[in-house]
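A.B. asks: Heads up: the sequence lines are chains U and S, in that order. Count along the first sequence from 1, add 28, and you get the number used in my numbering. Count along the second sequence from 1, add 28, and you get the number used in my numbering.
Note that these hints are calculated values from the structure, not bench results. Accuracy of the hints is not assured; some may be wrong.
Copies of the same chain look alike in the list, so a pair counts if it fits in one copy or across any two.
Stated by the list, open to error - Calculated lysine to aspartate or glutamate pairs in the EDC-like style (CA-CA distance at most 20 Å, straight line):
#	residue 1	residue 2
1	Lys198	Asp107
2	Lys398	Glu128
3	Lys363	Glu492
4	Lys447	Asp489
5	Lys49	Asp483
6	Lys198	Asp182
7	Lys398	Glu129
8	Lys95	Asp107
2 protein chains.
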Amino acid sequence: MPRQVDVAIIGAGTAGLTAIKEIKNLTKNYLLIDRGPLGTTCSRVGCMPSKVLLQVAHDLSRVKVLKALNIYQGDGTIDLSEGMRHVRKLRDYFVNFAVEEIKEMGDHFIQAEASFLSPGRLKLDNGEEVEAKAIIIATGSSPVIPKEWDEFKDRIVTTDSLFELQTLDKSWAVIGMGPLGLEMGQAMALLGCEVHGFDKNPMLGGLKDEIVHSEALKSLQKSFPIHLKADVKLSRIGSKIRVSWGDQHRDVDRILAAVGRKANVGSLNLKAARCPLDEKSLPVFDPETMKVKDAAIFLAGDMDGQKMVLHEAADDGRIAGFNALQEHPIRFKRKVKIGITFSSPNLCTVGQSLKDIKEPVVIGEVSFTKQGRSVIMDENEGMLRVYAEKTTGLILGAELAAPSGEHLAHLLAHAIGQKQKVQELLRFPFYHPTVEEGLRTALRTAKKQLDCKVDPGPDLDRCEA
Amino acid sequence: MPRQVDVAIIGAGTAGLTAIKEIKNLTKNYLLIDRGPLGTTCSRVGCMPSKVLLQVAHDLSRVKVLKALNIYQGDGTIDLSEGMRHVRKLRDYFVNFAVEEIKEMGDHFIQAEASFLSPGRLKLDNGEEVEAKAIIIATGSSPVIPKEWDEFKDRIVTTDSLFELQTLDKSWAVIGMGPLGLEMGQAMALLGCEVHGFDKNPMLGGLKDEIVHSEALKSLQKSFPIHLKADVKLSRIGSKIRVSWGDQHRDVDRILAAVGRKANVGSLNLKAARCPLDEKSLPVFDPETMKVKDAAIFLAGDMDGQKMVLHEAADDGRIAGFNALQEHPIRFKRKVKIGITFSSPNLCTVGQSLKDIKEPVVIGEVSFTKQGRSVIMDENEGMLRVYAEKTTGLILGAELAAPSGEHLAHLLAHAIGQKQKVQELLRFPFYHPTVEEGLRTALRTAKKQLDCKVDPGPDLDRCEA
Numbered sequence: 029m030p031r032q033v034d035v036a037i038i039g040a041g042t043a044g045l046t047a048i049k050e051i052k053n054l055t056k057n058y059l060l061i062d063r064g065p066l067g068t069t070c071s072r073v074g075c076m077p078s079k080v081l082l083q084v085a086h087d088l089s090r091v092k093v094l095k096a097l098n099i100y101q102g103d104g105t106i107d108l109s110e111g112m113r114h115v116r117k118l119r120d121y122f123v124n125f126a127v128e129e130i131k132e133m134g135d136h137f138i139q140a141e142a143s144f145l146s147p148g149r150l151k152l153d154n155g156e157e158v159e160a161k162a163i164i165i166a167t168g169s170s171p172v173i174p175k176e177w178d179e180f181k182d183r184i185v186t187t188d189s190l191f192e193l194q195t196l197d198k199s200w201a202v203i204g205m206g207p208l209g210l211e212m213g214q215a216m217a218l219l220g221c222e223v224h225g226f227d228k229n230p231m232l233g234g235l236k237d238e239i240v241h242s243e244a245l246k247s248l249q250k251s252f253p254i255h256l257k258a259d260v261k262l263s264r265i266g267s268k269i270r271v272s273w274g275d276q277h278r279d280v281d282r283i284l285a286a287v288g289r290k291a292n293v294g295s296l297n298l299k300a301a302r303c304p305l306d307e308k309s310l311p312v313f314d315p316e317t318m319k320v321k322d323a324a325i326f327l328a329g330d331m332d333g334q335k336m337v338l339h340e341a342a343d344d345g346r347i348a349g350f351n352a353l354q355e356h357p358i359r360f361k362r363k364v365k366i367g368i369t370f371s372s373p374n375l376c377t378v379g380q381s382l383k384d385i386k387e388p389v390v391i392g393e394v395s396f397t398k399q400g401r402s403v404i405m406d407e408n409e410g411m412l413r414v415y416a417e418k419t420t421g422l423i424l425g426a427e428l429a430a431p432s433g434e435h436l437a438h439l440l441a442h443a444i445g446q447k448q449k450v451q452e453l454l455r456f457p458f459y460h461p462t463v464e465e466g467l468r469t470a471l472r473t474a475k476k477q478l479d480c481k482v483d484p485g486p487d488l489d490r491c492e493a
Numbered sequence: 029m030p031r032q033v034d035v036a037i038i039g040a041g042t043a044g045l046t047a048i049k050e051i052k053n054l055t056k057n058y059l060l061i062d063r064g065p066l067g068t069t070c071s072r073v074g075c076m077p078s079k080v081l082l083q084v085a086h087d088l089s090r091v092k093v094l095k096a097l098n099i100y101q102g103d104g105t106i107d108l109s110e111g112m113r114h115v116r117k118l119r120d121y122f123v124n125f126a127v128e129e130i131k132e133m134g135d136h137f138i139q140a141e142a143s144f145l146s147p148g149r150l151k152l153d154n155g156e157e158v159e160a161k162a163i164i165i166a167t168g169s170s171p172v173i174p175k176e177w178d179e180f181k182d183r184i185v186t187t188d189s190l191f192e193l194q195t196l197d198k199s200w201a202v203i204g205m206g207p208l209g210l211e212m213g214q215a216m217a218l219l220g221c222e223v224h225g226f227d228k229n230p231m232l233g234g235l236k237d238e239i240v241h242s243e244a245l246k247s248l249q250k251s252f253p254i255h256l257k258a259d260v261k262l263s264r265i266g267s268k269i270r271v272s273w274g275d276q277h278r279d280v281d282r283i284l285a286a287v288g289r290k291a292n293v294g295s296l297n298l299k300a301a302r303c304p305l306d307e308k309s310l311p312v313f314d315p316e317t318m319k320v321k322d323a324a325i326f327l328a329g330d331m332d333g334q335k336m337v338l339h340e341a342a343d344d345g346r347i348a349g350f351n352a353l354q355e356h357p358i359r360f361k362r363k364v365k366i367g368i369t370f371s372s373p374n375l376c377t378v379g380q381s382l383k384d385i386k387e388p389v390v391i392g393e394v395s396f397t398k399q400g401r402s403v404i405m406d407e408n409e410g411m412l413r414v415y416a417e418k419t420t421g422l423i424l425g426a427e428l429a430a431p432s433g434e435h436l437a438h439l440l441a442h443a444i445g446q447k448q449k450v451q452e453l454l455r456f457p458f459y460h461p462t463v464e465e466g467l468r469t470a471l472r473t474a475k476k477q478l479d480c481k482v483d484p485g486p487d488l489d490r491c492e493a
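Full structure from sequences and hints, please.
C.D. replies: In structure tokens:
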């Protein structure tokens, strides 16, 4: 006799745990299933340990600034193994929050691997069976290592294994200059490793604006050499791995493969769910309801193949959980798009990219080279470009490589979501001295190019007559 | 024969220089008068040098973090004179922007001290006379040293003299725990000085929310002892200054007096302008037009006795410049109120204070003690409280002591200015892991207390049916 539940959630990561927050409002009869190890991707092997390593690296770069100014004098050494120990200590701290949350669920949780027997029925690898009115698949994703690199696996780490290293090898090739590859490449370089970064694509960090990208690349190259449009081949030279691209090569101790992630669906036996699958063998679903076509199945989180960022995974979970037992699933609008690479400078994309915009557009621009606060921080590098509709001033999108860019990106996402115009955003306070003033400069250059009437005089609302 | 101009601007600081940006659109016949030294208060003795010193101090605190974690090992010394040299070097860099701007004005600028001869007529101390259709007074402010401290002046610095010190004395009393006193007190403490902070008021940094203040004080006290409600008396003990309060005392090398600023109007001979003066002997004016009552005189910047922050001074200048030659001056709404103390944690006030709010209110709250990114930064201290109208969710104000609080304050000012509700602001992206997620937590606690209908389910807009 299978266990009968209203909702079964496969995967106790961010998406699954968030789904439960909504499901709890609908039923007490739900079951969370996870094969382990427990802890979200974010806390175990993603956002959190990577940000800890970046923070250490960033702090060390401040030591260098003080030394260059002769303000801090003396010799010091970096203990990488203490650095890695610190990363794992904080990682464990964050993992524990998720583990505690799961433990508190008691009987609502089973640690097991689930696979479909039939559309509403799951088999667990502990022998149990579960029948559910709705099933949420939130099994996450895992880093990919290309098949042709199999023979070098002893020298390749992904984020799944990077943070387990007791110390960091001396020389690295980081393959894949997306957000994570960039962050870890720069972190290791600042920590004293010899790092080369590679990507087969012409642009890094998810940027699409060529001018912002060019400034970003210039700045990042000061930390470590980055080779774009580089199709790398690996071979073994003694104890080293030779990375070859074009007519160049470099021999390194270790490879960080950051070339993408794939959905964890291998063990689910999706065929038995009898739902339509797409060309990647993933269920066809509606991102506004998270519901799989013609099935009482919902997707949530990284496994859906959409943008793999935590707040989107959490929204997936919220939507899937909310809709799981609805007769007519509610369609939700997704949030303003925002992407952040936490390198120095931060690389951010917000709203529409320049290439996606159809309307005639003006581009407001600021370089951070002379931006006051950025100069004070000795982080005066990068550029911000904001795109606005020429005939109205409506802010449509922005890309930036900027100090404290993560915060500017939030402000811009907020303005875009509010359908604000350049000339309206200028009426809000920009405190001195902040990097936000850099954004204001960009907005002012955009305002001057607008093809619509704007009030002359101060960027302030006028009192009613 | 006096020089005839349309507009005379007295004071080449931020307010005066900004006024000219508007005046240029109206007339080419304007004259800027400044007695020197050239350079804005902000760049010479205010925001900029203080932020440079804070940045150095903050960077040194990162060294301490790395050492405590054993990641950075070795002995080092702090060279305070190199620190002060760096402060002056960057200060000169910033001052130079203003000086260059003034130089480019050519004949539009005279370096001289101006005083009124009659309502539209000025006398300069180089013997010239100027007759103007409108006069903008933008003479700024200067730090006050109470009269009873006159005999200790050799041991007292203000921000006018602090950054001229070749090095920093060992022991300090910082009197006045407003934004500047706090910033400099904490900076000097982090730089290794023995600092005690004093204020006769019960709350510091412009905060009015007692709970936020209590968290702020707890955190700041880790850098240096702060004595509030302390009415200090000074006396001389050998080469030291004895600071006495209540039944306690402390002997220090140097005093930083940060007890307030007064308008620079002493040499203006305002009587001759024949405009109405208030109890502080300052012209009575309308802050929405910046026009002095019954006179073709406008005020701008610190000298108007309003909140002394740069963006407000610049707005003053914009309004005064725009209105200087208008037959009917335009009334402008001032920006959402925002105040930032750049200490660690940042202390910020946005919009209305809790005490000013008349409506029934809910308070959203977050402690940064366990906030993810703040933990990673090892700056997990402080608290944010956001005030919203109970019956609607309308965000009215916020106070915070928070890591990266300056950025949260901008986002909150933006939301308040847009008349956003708690439940609406929650629909914008909060990227992971950022301190902005702390704000989201506070918004969620506010949302739960609202006395109005909010959509159940995900914090997302619903698609049209």
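A.B. asks: Decide, hint by hint, whether the structure agrees.
C.D. replies: Hint by hint, here is what the structure shows:
| no. | hint | verdict |
| --- | --- | --- |
| 1 | Lys198 with Asp107 | within (13 Å within a copy, 32 Å between copies) |
| 2 | Lys398 with Glu128 | between (48 Å within a copy, 15 Å between copies) |
| 3 | Lys363 with Glu492 | between (34 Å within a copy, 15 Å between copies) |
| 4 | Lys447 with Asp489 | both (17 Å within a copy, 14 Å between copies) |
| 5 | Lys49 with Asp483 | between (48 Å within a copy, 15 Å between copies) |
| 6 | Lys198 with Asp182 | within (16 Å within a copy, 56 Å between copies) |
| 7 | Lys398 with Glu129 | between (47 Å within a copy, 15 Å between copies) |
| 8 | Lys95 with Asp107 | both (18 Å within a copy, 10 Å between copies) |
Checked against the numbered hints given earlier, the structure satisfies every one of them.
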